[in-house]
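> Here are the chains, one letter per residue:
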Amino acid sequence: MSTLAPRPLRPARPGRPGQPVRSTRRPVASQRREGAWDWWLIGAVLALATVGCLLVWSATSARAELLGGDPDAFLRRQLLNLGLGLGMLVAVARCDHRWVRLATPLLYLAALAGLVLVLLAGTVVNGSRSWLMAGPLSVQPSELAKLAVVVGMALVAAERTEGRWGRGIGHVDVVLMLLVAAVPAVLILAQPDLGTTLVLTATVLGVLGASGAPRRWLVGLGVLGAATATAALAVGVLQDYQLDRFLAFLDPARDPRGAGSNVEQARIAVGNGGLFGQGLFHGSQTRAGFVPEQHTDFVFTVAGEELGLLGAGVLIALLGVVLWRALVIAVRARDLYGRVAAAGIACWFGFQSFQNIGMCLGIMPVTGVPLPFVSYGGSSMFAGMIAVGLLLSIARRDQRRR
Amino acid sequence: MNQHTRLRLVVIQALVFSLFATLFVRLYYLQVVTGEDYRGRAAAQSVREVVVQPSRGLIVDAQGRPLAANRLIWVVSLDRTLLDRLSDTQRERLLARVGRAVELRPRRIEQRLLTCGDEGAMPGVCWNGSPYQPVPIAEDVPEQAALRILEQPEDYPGVVVDQQSVRAYPSPFGINAAHVLGYLSPITSEELSAAESAGDLSVNGASVVGRAGIEQEYDRWLRGIPGYREVKVDSRGRVLGDDGEVQAQPGDTLVTSLDARVQSVVERQLAATIRTARATVDPVTDRPYVADSGAVVVLEADTGRVVAMASQPTYDPGLWVGGITKRQLARLYSEKAGTPLLGRATQGQFAPGSTWKPFMTAAALTHGYSPDTRLDCSSSFRVGNRDFKNYESGAYGMITFARALEVSCNTFFYRVGYDYWRRYGSDESDVDAKDPLVAEAEAFGFGSETGVDLPGEASGRIADRRWKRAYYRSMKGYYCGIARKPQDARTSDFVYRFATEFCIDGYAYRAGDAANFAIGQGDTIVTPLQLARGYAAIANGGTLYAPRVARAIVAADGTVVRRFAPKVVGRVDLPASVQRYVDTALEGVTRVGTMAWRMGGFPLDEVDIRSKTGSAEVYGKQSTSWVASYSDDYVVVMMVSQGGTGSGTSGPAVRRIWEALYGITGEQVRPADAAIPGVVPPEQLPQFRADGSVLPPAPDPRRRR
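Line order of the protein sequences matches chains A and B.
Just so we're aligned: the first sequence equals residues 1 to 402 in the working numbering.
Just so we're aligned: the second sequence equals residues 1001 to 1705 in the working numbering.
Careful, some of the hints might be misleading.
Restraint-style ranges between C-beta atoms, simulated for each label pair [what the hints assert, rightly or not]: (1) A:99 - B:1081: 19 to 25 Å; (2) B:1330 - A:279: 58 to 64 Å; (3) B:1043 - A:37: 52 to 58 Å; (4) B:1043 - A:253: 53 to 59 Å; (5) B:1170 - A:126: 56 to 62 Å; (6) A:39 - B:1090: 46 to 52 Å; (7) A:170 - B:1032: 26 to 32 Å.
Calculated directly from the structure, the hints in this document are not laboratory data.
Every value quoted in this text rests on a predicted model; they were computed, and no experiment measured them.
Even for Gly, the Cβ is constructed at its ideal location relative to N, Cα and C.
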């Protein structure tokens, strides 16, 4: 995989800060200006966000009951979200690396505070207490928590290992990192928000893997997760209706009026798109509002119906570009914090995208997770943009150092 | 970075990209491999096919007056595909809300929503149509209720409100004409599947079809072709826009030979006659006449066209509009209410009594008797061991056929019947024995359907030797069963004696049967329409028509699709001399005979009415009142069951009908006052204008009197 090997492997030289610039760098990297922006990443994110705005617009402009009379209300709000998000992206990207590391505990604590607050004073939407409502604004703290967990774990890993020479992550470090992840995970599970918990679990495993945690931890956690899930089913922690809802993607008849109908409608809309799609703003199922939550969690079905295999494929490819750049940044990162954070963000985006699109295509359970950069919503947009800003910041620092 | 960590990142990357590859494969599968299926389902749920029912063809009278028209009603339907997406509580709430709006119990709505053939589906209530079409649950909804639902689509997801054209009965001159017009009711599943397999596009699950009368007979013209409108709907079933429309084609107009003014007079006279009879005490039974039913038929003598036809008791054909209730339907079939559905003019069968005698006269005069023949009109005539008596035991001595008709002498015709029986048929068990009287009755069309263009016509019955043999075979078991046992308390003497005799030689066509046949008594029965057609044949010299109600089919654009010419179904061998003799004799009935006391002061010299009265006896019931009459143009036959004597009960009404037909006031004849302009029915069809209006036929100067 050439994308993963921008440089020859040099096992003798541990990647750590303060290493002198070497002359053996590959030409591409050497030609880059100091602190260059990763335009592949920026371009892909901007393209995703732009397409996202159009899809949200298409999904909402014909739905009078959502809008209160203004067909462009959702577009305008999403553009505002995008503008604010881009501002955050630029701010974080330009921020000095040290400030980013300093801000990490603050972000983490803010996310924890938000999660506690949402449990105390949150509003229940679709059965989960996930939303903080403040007048016209609504915030979903669990979106920020995913980012907080990633950078929090990265910080712990970095702080614990940077003082030591030549040593990887130890058992104590793993336990600490898991603790950092566990507190918000428990709070999110309490909402309950199964989808975010799943994404978080996958992200934590990715972070641990990227940080170099011992393999038996990864295997052990995997086995533990499977055992917990089995036990939960056996003991009956999940009510029947919850189980039906969860498994409706396999058999829509299990929850015909709830998730099953979502699954059916999503499949019909996507299938209706065919190879070339019905054309933007011309999807009969989209415009008629057959798919529930179509501008948020099921936004991919709009792409499926209106843009077809071609457009939706491009959307998947754009997400692939984002992940490719994130992983490249992780590989190139010179410090553990950067590498773990970038890999964690990649895992987060990757699994969340898979979870979301898989749900729209009927191969994953119906859980409320948004499609990064595309779904309507401020919290997920901001979290995503800050994460991209962080990626850019990591990338720029590495290049400056070289 | 160590190699170990780098490998980890490779694994992560491989995982992430394989996940994305999975997504793409799945996307390809959904959109390309199975895309066609999903596209079909997408279209099915986002496009609602709405049937546009055609407006049914008008039924107009000969002057172009609408007898059956259309009006728009509001229909509330439910979209089941959408209903199925609601949760149980949402559905319950919606049905309750809709139920309140249209005043129906939710249970009833549920029944309407069931597809016929499903478990618990009630025939007549369940839905016959396509599963993709909205199911009508309430017809003829008040406009206010319909508009309330239309204005609040949010509260009524999946509720479709639209207008539909249904039958309206303008009732010109207050006519009812229910038995001629017939009625409509929803198509049954069997009819629908039969139509579908025959490729008939004129019906759909929500169609109504003609069930009786000319609505049934000419249904395929009146129906029209339904249109279909495809509308885009959103997830709540609200209409987003039209996708396409196949226009409905309205049904053709049926022009009938009926005349609403004559029909109106006829109906009023029939109703008034029955009212009067019920207030009159029958001297035979000392009880008021029951007058349970009655009928009047007015035919054009030279064409067999039906000008008016009334039957009592009757019903309101509008009862079917928007669905008839079970109780209403039960009443229409109930004997207690007099089975109003039964059209007495074509379906009621009664002994003709003395109105039978002109046919017997014609038979006698063409089979050996001469106009000069005189027979004894004694007060009674003994056949075998039984005395056959005259009405009120009158006796007129030796009289001619003409006089026998005038005074309606029974013993005269007994002798004729007995004479033929002795001459040809004294072998009681010979079913092939010659019988001129029976042959003549058959020639005049009795005992078989007239072929009128109204469904469900009764054939009447000629109680000849064959019939008697067949009847004996079918009833032998029953009566012999009674006769073999000793008489018990429940069996009257009469029945016991009858059963005993029947069991022994009930198959035999005896002299008494022949005598009875000659005066229209016994087991011979006719419909009023048959009798009218028979008299028309006497009037026109022997041509037997299949009476016609329909005159023409006219397309919605005014072009004549089809004309119905008078249909000749037979010719009676009626020599002109015999026809003249009978005609003159019946004229005598009106002038000096049994009808004369009802025709005092009638300008018979200008409007020559020939008539014959009849009071047919029915075992266990009061007598049937008959008057059969004709002029040069028309035949008028009236019958009142259990109504008394012919002239006594029906005479005045028949006179009024003749007065209306010719514009007679007192002794004055004013053709201008006649019910039909120019007295005789117009040869021309009504004029159909491009704007949809119908004007009376253009006057034809040649035919004006």
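> If a hint holds in the structure, say so; if it doesn't, say that too.
Results for each hint:
1. A:99 - B:1081: 19 to 25 Å: Violated - the Cβ-Cβ distance for residue 99 of chain A and residue 1081 of chain B, about 58 Å, lies outside 19 to 25 Å.
2. B:1330 - A:279: 58 to 64 Å: 59 Å, holds
3. B:1043 - A:37: 52 to 58 Å: This hint is violated: roughly 47 Å between Cβ atoms.
4. B:1043 - A:253: 53 to 59 Å: 22 Å, violated
5. B:1170 - A:126: 56 to 62 Å: Taking Cβ atoms as reference, residue 1170 of chain B and residue 126 of chain A lie about 58 Å apart, which means the hint holds.
6. A:39 - B:1090: 46 to 52 Å: Check passed, 51 Å falls within 46 to 52 Å.
7. A:170 - B:1032: 26 to 32 Å: For residue 170 of chain A and residue 1032 of chain B the Cβ distance comes to about 51 Å; the hint is violated.
Comparing the model with each numbered hint stated earlier shows that hints 1, 3, 4 and 7 do not hold.
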